[in-house]
Structure formats: C-alpha cells, structure tokens
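Peer 1: Given the coordinates of chain A, work out where chain B should sit on it, guided by the hints.
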Amino acid sequence: MQLNRDVLTESYRKMRTIRAFEEKVHDLFETGALPGFVHLYAGEEASAVGVCAHLDDEDRIVSTHRGHGHCIAKGCDVEGMMLELFGRRSGVCGGKGGSMHIADLSKGMMGANAIVGGGPPLACGAALAAKTLKTGKVAVTFTGDGGSNQGTTLESLNLASVWKLPMLFVFENNGYAESTGSGWSVAGGDILRRAHAFDMPGFQVDGFDFFAVHEIAGEAVERARRGEGPTLIEVKFGRFYGHHEGDAQTYRAKGEVERLRADHDCLKNFRQRVTEAALLTGSELDAIDAEVDRAIESAVAVSRKAADPDPAVDLLTDVYIRY
Amino acid sequence: MARILTYRDALREALRQAMEEDPTVILMGEDIAGGKGAPGEQDAWGGDMGVTKGLWGQFGDARVIDTPISEASYIGAAVGAATCGLRPVAELMFVDFMGVCFDQLLNQAAKFRYMFGGKAKTPVVIRTQYGAGYRTAAQHSQTLYSMFAHVPGLKVVVPSTAYDAKGLLISAIRDDDPVIFFEHKVLYDEARDDVPEAPYAIPFGEANFVREGDDVTIVALGRMVHFAAKAADVLAKNGVSCELIDPRTISPLDEDSILESVEKTGRLVVVDESYPRCSMAADIAGLVVDKAFHALKAPIRQVTAPHTPVPFAPVLEDAFIPSPAKIEAAVRSVMKGA
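If you read the protein sequences in the order shown, they are chains A and B. The first sequence maps to residues 1 to 323 in our numbering. The second sequence maps to residues 1 to 338 in our numbering.
Here chain A stands alone, though its shape is the one from the complex (with noise of 0.2 Å):
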C-alpha cells in the first residue's frame, strides 16, 4: 500500500516525538527529577503509530502501563504528558494520575492503565457504546504479552466475539512480562493462535516494521467500521529498556538490546524504507527531528519551572462529580 507524503511524515513525526520523549524521560529519570515508576516504550513506536493512524478522535483506545507511545499517537499534547510525568498542577491529568494514568478522553484516549489486564474489558465498553450508538467508531485495547495471560483478557476476548464488537485486540509481545519471558509464560508459544480459539482473524506483525503494523491495522480497523467484528493482532518486537527504569535487566541477554538497537530499530527502518523509495528525503527527515527535539526540551523547560498542585485545594477535589 502506498502512503502519501502527509501520512509519513505525520507518522514519522509521532514515532520520532515518542522516541525523543522517551530518550528524555529515561535521563530525566536518572537525575532523579521525576517521581514513581515510568515504563518506557522507546522500540515499540511503529505499533501504537502504525495502529493509531487509522484512528480519529472520537475512536478510543486503551492502554497499558507502557502508555507513553499511545498516548503520543493518539494525539496526546506532549507538554501536558511532560507536566504529568512532573506531577504538576497543569499536567494533562493536572498532576493527579502520573506516567501510568494519562488520558485525554477528548482525544479518545481512555487512560494508560497500571493494571495488568484492566484495559481489555474497558475497550469492550467503548466498542459495545460505539456499536449501540451506531457511530460508526472503533475501539483498541493495547495489551502486552504480560496481559495476554490476564483472565480479564480472555474474557473480553470472547465477549468481542460473542458481541461482535468493532474493536481491535493489539497485543505488544516485547518478549517480557516484567522480567519473565514470553516464551515460557504464553503458553501455545504465540499469542496469535488464542485469535482462533475465540473465533476472530488474527495476524501476527513485525513490530520493526511500521508500514507492515500500519497495513494490517488498517484492515482490521476497516473490518471493524463495517460491522464484521474484532481482530486480533500479535506485534512481535523488544523493547530498548527494562520493564521500569531503574530495571538493571540482567534476565536480558548479553548485547540483546544493542543489537536490538542496531537492527531492528522501526526509526531506522523507516527511514532507510523512505528514503531508498523517494518518498522523503533525508533532509526533510532531519528536519523533524529538530523540530521534535526542540518541542521536547520545550516541554521539560516548562515542566521544570511549572507550578505543583495545591494541597488545600486540589488533593480533595474531582473524586466525584457530585457528593
């Protein structure tokens, strides 16, 4: 399939803007300017880009812990997820839900989700409302291999079935679940094969390969839009980090992630796939990453100096609408 010049360079944008943001947010990390846990999803890009290009705002999605990259392709403003991971009073969730908690529903952007598991039965409420409304709109529930043993996963996944839901079951199979291998812990090996148990088209991707996720999405999504029911996709790749950082990752083999950096990077297989094809130049490529780099040293400067949250004030606040 054949991709138009404002289609790359707004997915080149994305993944370069997550990669950047979370090249930032590891040394940001290291300093110790930022509280919590972050889980960074630097290698993953062309899967939430590659998914979400295919989305508009009134689609939704669900994310995991690793949200970062969702967030980012689902239109996310980055300043407002830097403010976040800051904790600040003017962050995207005004400093209330942090790295594993940003949403921006108006973006349909449901929420990272620091539950193992706990997006999957979400998206089947957001494809259930999609289809009872006749919106025509589709939802997508990101899951990593972690959370392909979930029950609430299974679950849903028969429940999209059995509803014929409009919705797409993306899972990010990076090889680990916190620190245990994939290999061992998905039983059947892949996380395809439970596509045909529960009655669904099920496609397994390279996750280096942003044109292959982007094509396969596209499909399903389509599926999806017309009423055929959910689609599950198995995207195959590693990720650059640990599970969290400050993960010493010794469970990794020796040299795996810089192999993993020189090989199979979708960054760099996206740009040597453009360039050889006349698509963008190098130039124009070069061109973004200025820009990105500039945005996301914006961010932090602003995050840096940006305002905490009122504890008088804003601790007690939004638990309910009205109580």
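It is worth saying that the hints were derived from the structure and are not from the lab. Glycine is no exception: its CB is placed at the ideal position from the N, C-alpha and C atoms. Check each hint, because a few of them may be wrong.
Said to hold, decoys possible - Some chain A residues close to chain B (C-beta under 7 Å, calculated; not the full set): (1) L105; (2) P121; (3) L128; (4) D318.
Unchecked claim - Below, in silico cross-link-like pairs of lysine to any residue (SDA-like), each with a Cα-Cα straight-line distance of 25 Å or less: (5) A:K134 with B:Q17; (6) B:K121 with A:E222; (7) A:K134 with B:R63; (8) A:K134 with B:D22; (9) B:K326 with B:L287; (10) B:K121 with A:H196; (11) B:K53 with B:D43; (12) B:K119 with A:R89; (13) B:K36 with A:R89.
Peer 2: Just chain B now, kept in the frame of chain A:
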C-alpha cells in the same frame, strides 16, 4: 388509593421508566433476559430474581443485553461504555461475585474522575443482590457493601423499602458517578409499599427517619431496618422510645442526621447484617465517638453478624443473622448505661 408494589416490581418500574426517559440507558447481565442461544423461551428469566422480566420484550436485544458468565469482562464493559456516552445498568447477580470483577470497580471506575484530573464521567450503575436468609450459604449470602463504601469514587446505595428502591434507583441511573446498588434478596418479596407510578428521585445522602423517639437512636441498613422496627415496636410497649434512622445510602452517608439524633437521645445502637470488622456499624460508631462523644450516656452497641462465613444449616444461618431480639437486647443494655 394505595398502590402496593413489591421491592422487585418497584425496581423493575424504575428501570423501565429510566429506559423510557433516556435512550442511552442499557441493561447488561447474566440471564437478565434469559434463554439467549437456547432453543426454548426467550426472556425466560428476567434475571435470576426476575427483576428485569419483561424489559427485553419492550426494549429488545440492543438495550437488554445478556452476557456470558464473565463478570470481569461485562462489568468492565459497562464501565468503559459509561465513559463513551451510555448509561449502563449492569447486574452482578450476587455481590459475592465481586471477587472475580472487583478490579473494574476498585481500580477503574472509582478512579477515573480523580486520576484523569476531573475530566472523566462514568455514569454506571451496578445492581447486585446481597444478604443472608435464603439458605444459600457462604458464597451467595454475604453483606459486602462496606467493602465498596471504603473506596473513594464509588457511591453505595442500600434501599430497605420498595418506595426507596424505586426512587433511589432512578437517582442512581441519573447520577454521573459510579453507583453500586445493593438489593437484599429477601426483600424482593418481603418489602411491599405504596409506590407512586410517576417517576421520582430520592437524593443520595439523605437518611430516612423511620420513626422518631427520645431514648435511643437505632441506625439500621437494608433488611435490618425492618428488624429494628419490630424491636422498636416491642420496646415502645415497654416504655422505651427509639428513633430509627435508615441512612439509605452509605456513601455518601448522612452524618448530620445521625449526629443530631444522638445529640438528642445520647444513646446509639447500630444494626448491620455484615461481618463486624471494618463494617458500616463500626464506621458509624466511630463517627459518633469522633463527633458526638460528649452526648453519649452509654457505650455504643453494634449488632452485626459474627466474624464467620455465612453458614448453610438453617439453624446456623438463623443464628448468624442479627434478629429483632438481639436488637431489643442491645437497646435494653444501653438503656441501663452498659
């Protein structure tokens, strides 16, 4: 002329009227129509207690949605759909089954508003039955509302009468926050009241003064309101005047009414069918100790179930449930100042 409805029929009328009023209200649950995918009658059950009977016929498959036995997925789907423009009312057949789906309420529905910085709206209602008295033993008889009341972000409703059941369910469905709605399984048939036909809403956080009195304040919930009323009748004949308060919702809780009453009577008995530890009885006793200690003329008495699972044998189950006699004894004890 009186229009007597059972608790069950009052609940069904509330659901029907809410669905007629708002096309985004949908029902979900196991067997709430019944017969889905089966060769016989459709709408065979109307829920295991018959509360939703007939609604499938009126509103159809798109709004009365049978689910697989898969609470984690469909309770979560109700929560997710609530953030996307629907007002789902999901039936969790027995509250004991919260164990398989609690995450979707505890960590998802309850938290969205706060952790998303005030931007989420999750108007979902979970209807669920609770309580002992049906000989259904340890896994189908528990009174677990206090576990939900513990969680910020959830509202918890415990109606004791058919009148309240209708008005509170209408309020719950119109409410923009997640609401857990507790229906006592014995009350479906036993509670009968004059219930107006026109829709009406009872606000949350407003206790009902079931009877006024001067000597002792009794706070009771759900089925226990009826037991407390029986005890109060007997005590009245013996010259003890009880003020009986039914909070109706435990989150929010009408603290002011409880405190005002204790300020007047100086004595408190709390009746709660749940286990004693971390119960609503303990919570309300703690509230009064904190804020009205000066008014107390006697120790507070809590009448609860014991710290045991709900037993099966009828003689054991009857001993497990707080009785009018136990309530009466507790009142007599505080009247003696002990």
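Peer 1: Against each hint, give a clear statement of whether it holds in the structure.
Peer 2: A quick look at each hint next to the structure:
1. L105: At 6 Å from the nearest chain B Cβ, L105 (chain A) passes the 7 Å test, so the hint holds.
2. P121: Holds: closest Cβ of chain B sits about 2 Å from P121 (chain A), inside 7 Å.
3. L128: With a closest approach of 5 Å, the L128 (chain A) hint holds.
4. D318: Holds. Min distance 4 Å.
5. A:K134 with B:Q17: Roughly 23 Å separates the two Cα atoms, so the pair holds.
6. B:K121 with A:E222: 29 Å, violated
7. A:K134 with B:R63: 13 Å, holds
8. A:K134 with B:D22: Status holds; Cα separation ~16 Å.
9. B:K326 with B:L287: Answer holds: K326 (chain B) to L287 (chain B) is near 23 Å, not above 25 Å.
10. B:K121 with A:H196: Violated, at roughly 36 Å.
11. B:K53 with B:D43: OK: K53 (chain B) and D43 (chain B) at ~7 Å, within 25 Å.
12. B:K119 with A:R89: Roughly 14 Å separates the two Cα atoms, so the pair holds.
13. B:K36 with A:R89: 49 Å, violated
In this structure, the hints that do not hold are numbers 6, 10, 13, in rising order.
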